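**Student:** The chain contents come next:
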Amino acid sequence: KNQVEQSPQSLIILEGKNCTLQCNYTVSPFSNLRWYKQDTGRGPVSLTIMTFSENTKSNGRYTATLDADTKQSSLHITASQLSDSASYICVVSAGSNSGYALNFGKGTSLLVTP
Amino acid sequence: KAGVTQTPRYLIKTRGQQVTLSCSPISGHRSVSWYQQTPGQGLQFLFEYFSETQRNKGNFPGRFSGRQFSNSRSEMNVSTLELGDSALYLCASSLGQISGLAGPYEQYFGPGTRLTVT
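One line per chain: the protein sequences are S and G, in this order. In the numbering used here, each residue carries its 1-based index in the first sequence increased by 127. In the numbering used here, each residue carries its 1-based index in the second sequence increased by 432.
For the record, the hints were derived by calculation from the structure and aren't laboratory data. Nothing here was measured: the structure is a model prediction, and the numbers come from that model. No residue lacks a Cβ here, since even glycine has one placed at the ideal position from N, Cα and C. Be aware that one or more of the hints could be misleading.
Sample of chain G residues with no beta-carbon within 12 Å of chain S, all distances over it, derived [as the list claims (entries may be wrong)]:
| no. | residue |
| --- | --- |
| 1 | Glu-484 |
| 2 | Arg-505 |
| 3 | Leu-515 |
| 4 | Asp-517 |
| 5 | Arg-546 |
Computed footprint of chain G on chain S, listed as stretches where at least three residues anywhere in the stretch have a Cβ under 8 Å from a Cβ of chain G [unchecked claim]:
| no. | segment |
| --- | --- |
| 6 | 169-182 |
| 7 | 229-241 |
For lysine-lysine, the following DSSO-like pairs were computed, each having C-alpha atoms within a straight-line distance of at most 30 Å [said to hold, decoys possible]:
| no. | chain 1 | residue 1 | chain 2 | residue 2 |
| --- | --- | --- | --- | --- |
| 8 | S | Lys-184 | S | Lys-198 |
| 9 | S | Lys-233 | G | Lys-445 |
| 10 | G | Lys-445 | S | Lys-198 |
Turn these sequences into a full structure, and let the hints guide you.
**Tutor:** The following block contains the structure:
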């Protein structure tokens, strides 16, 4: 069964500190992995999309890594800001041009405090 | 460029009623996907439309249906509402060519419609 597990479920860090969120998946055949940021009451916003051949992708202070062998991804946030407080969702697509399935993690809730 | 818009933003319905939600994608985007988000289940994929054709469907009962018009605007309908249908319904659009969401295309989400079933 295709699954996506995110950890930790929630996290509290001080402003300015770094943090790393984890996403482990058992999805096959792997197509791509996406990280989204969702502020309370708003729709998710795409941070990164990675395909099988990519192992690192950055978007400002956000850096995602992908290890296709161990089926693990991480999202590293550098020098956190209060505006980083949000839910971070990992989504893994399985499939090909003929069809696909989306597998969602439950998300990590991040709170950045002053 | 205007983003994805969803109407209405908030809706309260009674069990047994039916509801129609609307989504207008970003101009030029032909792929529209719908999602349900609840605190317990998180995000779940409902269906995707591309050029008026349903391209993929999640594991939801037949009470959930959708359609896409020639201008790429999309609607989803939920009939015979149940209490468990209370959720945030999100719509997303993308350029999504043949491979849809299996491909590396950016998805742009709307703000969602908050549906409460009483």
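**Student:** A separate judgement is required for each hint: does it hold in the structure or not?
**Tutor:** The hints, checked one at a time:
With a minimum CB-CB distance of about 19 Å to chain S, Glu-484(G) clears the 12 Å threshold, and the non-interface call stands. For Arg-505(G), the condition that its CB be more than 12 Å from all CB atoms of chain S holds, with the nearest at approximately 17 Å. Against the 12 Å criterion, Leu-515(G) stays outside the reach of chain S, whose nearest CB is about 21 Å from its own CB. Even its closest Cβ contact with chain S, about 18 Å, leaves Asp-517(G) beyond 12 Å, as expected for a residue assigned away from the interface.
Residue placement check: Arg-546(G) does not keep its beta carbon more than 12 Å from all beta carbons of chain S (closest about 9 Å). Beta-carbon proximity to chain G at under 8 Å applies to 7 residues in the segment 169-182 of chain S; the threshold of 3 is reached and the given coverage holds. Judged by the Cβ-Cβ criterion of 8 Å, the segment 229-241 of chain S is covered by chain G as claimed, because 5 of its residues qualify and three suffice. Simply put, Lys-184(S) and Lys-198(S) have alpha-carbon atoms about 16 Å apart, close enough for the 30 Å limit, and the pair holds.
A hinted pair counts as satisfied when its Cα atoms are at most 30 Å apart, and Lys-233(S) with Lys-445(G) qualifies at roughly 27 Å. Proposed proximity of Lys-445(G) and Lys-198(S) is contradicted: the alpha carbons are some 42 Å apart, above 30 Å.
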